[in-house]
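S.K.: Sequence:
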Amino acid sequence: MAKAKSTKAYRLRAATQDDLKAIMGLYNWAVNQTFATIDSEPLDAEEARAWWEMHGKRSKLLVSVDDTGVIGWARLLPWKQRGFDVV
0 MAKAKSTKAY
10 RLRAATQDDL
20 KAIMGLYNWA
30 VNQTFATIDS
40 EPLDAEEARA
50 WWEMHGKRSK
60 LLVSVDDTGV
70 IGWARLLPWK
80 QRGFDVV
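Residue numbering for the sequence shown follows numbering that gives the first Met the number 0, beginning at 0 and increasing consecutively.
It cannot be assumed that every hint is accurate.
Label pairs and their calculated CB-CB ranges [what the hints assert, rightly or not]:
hint: 1; residue 1: Phe34; residue 2: Gly71; range: 24 to 34 Å
hint: 2; residue 1: Lys7; residue 2: Ile37; range: 18 to 28 Å
hint: 3; residue 1: Lys7; residue 2: Asp38; range: 30 to 40 Å
hint: 4; residue 1: Ala8; residue 2: Ser39; range: 15 to 25 Å
hint: 5; residue 1: Asp66; residue 2: Thr15; range: 15 to 25 Å
hint: 6; residue 1: Glu40; residue 2: Ala8; range: 15 to 25 Å
hint: 7; residue 1: Lys7; residue 2: Pro77; range: 31 to 41 Å
hint: 8; residue 1: Lys7; residue 2: Glu45; range: 18 to 28 Å
Computed cross-link-like contacts, EDC-like style, restricted to lysine to aspartate or glutamate with a CA-CA straight-line distance of at most 20 Å [to be verified]:
hint: 9; residue 1: Lys7; residue 2: Asp65
hint: 10; residue 1: Lys20; residue 2: Asp43
hint: 11; residue 1: Lys7; residue 2: Glu45
hint: 12; residue 1: Lys7; residue 2: Asp38
hint: 13; residue 1: Lys20; residue 2: Asp66
hint: 14; residue 1: Lys7; residue 2: Glu40
hint: 15; residue 1: Lys20; residue 2: Glu40
hint: 16; residue 1: Lys59; residue 2: Asp18
hint: 17; residue 1: Lys7; residue 2: Glu46
hint: 18; residue 1: Lys7; residue 2: Asp66
hint: 19; residue 1: Lys59; residue 2: Glu40
hint: 20; residue 1: Lys56; residue 2: Glu40
hint: 21; residue 1: Lys20; residue 2: Glu52
hint: 22; residue 1: Lys20; residue 2: Glu46
hint: 23; residue 1: Lys56; residue 2: Glu45
Please keep in mind that the hints were generated in silico from the structure rather than gathered at the bench.
Being a predicted model, the structure only gives us computed values, none of them experimental.
For every residue, glycine included, the Cβ atom is placed at its ideal position computed from N, Cα and C.
Given these sequences and hints, build the entire structure.
M.R.: Okay, here's the thing in structure tokens:
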């Protein structure tokens with residue numbers, strides 16, 4: 000998963016469906032390596048497409064890119080007092 004470090008600056012832009020594979024790669028890494036998600040199993044391609052259909056239209060998705068490709072992503076949602084309501 001790790002890529003060579005870039006010598007160029009990164010930039011933020013709106014995510015497109017073409018970014019989904021990279022976003023899911025980062026997300027699934029977090030599922031397997033951290034406690035940062037509520038998922039306990041990585042998302043497969045079908046689940047990733049369903050996730051995009053739900054969240055890609057409902058919320059603002061951003062990606063951070065450099066000369067190596069997508070290096071990060073973020074999803075902006077309305078504020079909720081309790082995080083479990085968002086899911």
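S.K.: What's the verdict on Lys59 and Asp18, does the C-alpha distance respect the 20 Å limit or exceed it?
M.R.: Holds: Lys59 and Asp18 sit about 14 Å apart, inside 20 Å.
S.K.: Quick one: are Phe34 and Gly71 within 24 to 34 Å, going by C-beta?
M.R.: violated, 18 Å
S.K.: Could you grab the alpha-carbon distance between Lys20 and Glu52 and see if it respects the 20 Å cut-off?
M.R.: holds, 14 Å
S.K.: Just to be sure I understand the hint, the distance between the Cβ atoms of Lys7 and Asp38 should be within 30 to 40 Å; is that true here?
M.R.: Given about 32 Å between the Cβ atoms, the range holds.
S.K.: Mind checking the alpha carbons of Lys7 and Glu45 for me, to see if they're no more than 20 Å apart?
M.R.: Given pair Lys7, Glu45 is violated - Cα atoms ~34 Å apart, limit 20 Å.
S.K.: Is the straight-line distance between the alpha-carbon of Lys7 and that of Asp65 20 Å or less?
M.R.: Holds, at about 7 Å.
S.K.: Next pair to validate is Lys56 with Glu45; report whether the Cα-Cα distance is within 20 Å.
M.R.: At roughly 17 Å apart (the allowed maximum being 20 Å), Glu45 and Lys56 satisfy the hint.
S.K.: Tell me if the straight-line CA distance from Lys20 to Glu40 falls inside 20 Å.
M.R.: Holds, at roughly 16 Å.
S.K.: Can you confirm whether the C-alpha distance between Lys7 and Asp38 stays at or below 20 Å?
M.R.: violated, 33 Å
S.K.: Can the restraint linking Lys56 and Glu40 be considered satisfied, given a maximum Cα separation of 20 Å?
M.R.: violated, 24 Å
S.K.: When you check the alpha-carbon spacing of Lys59 and Glu40, does it fall within 20 Å?
M.R.: Roughly 24 Å separates the two Cα atoms, so the pair is violated.
S.K.: Assess, step by step, whether the Cα of Lys7 is no farther than 20 Å from the Cα of Glu40, and give holds or violated.
M.R.: violated, 34 Å
Of the hints listed earlier, those the structure fails to meet are numbers 1, 2, 4, 6, 8, 11, 12, 14, 17, 19, 20, in rising order.
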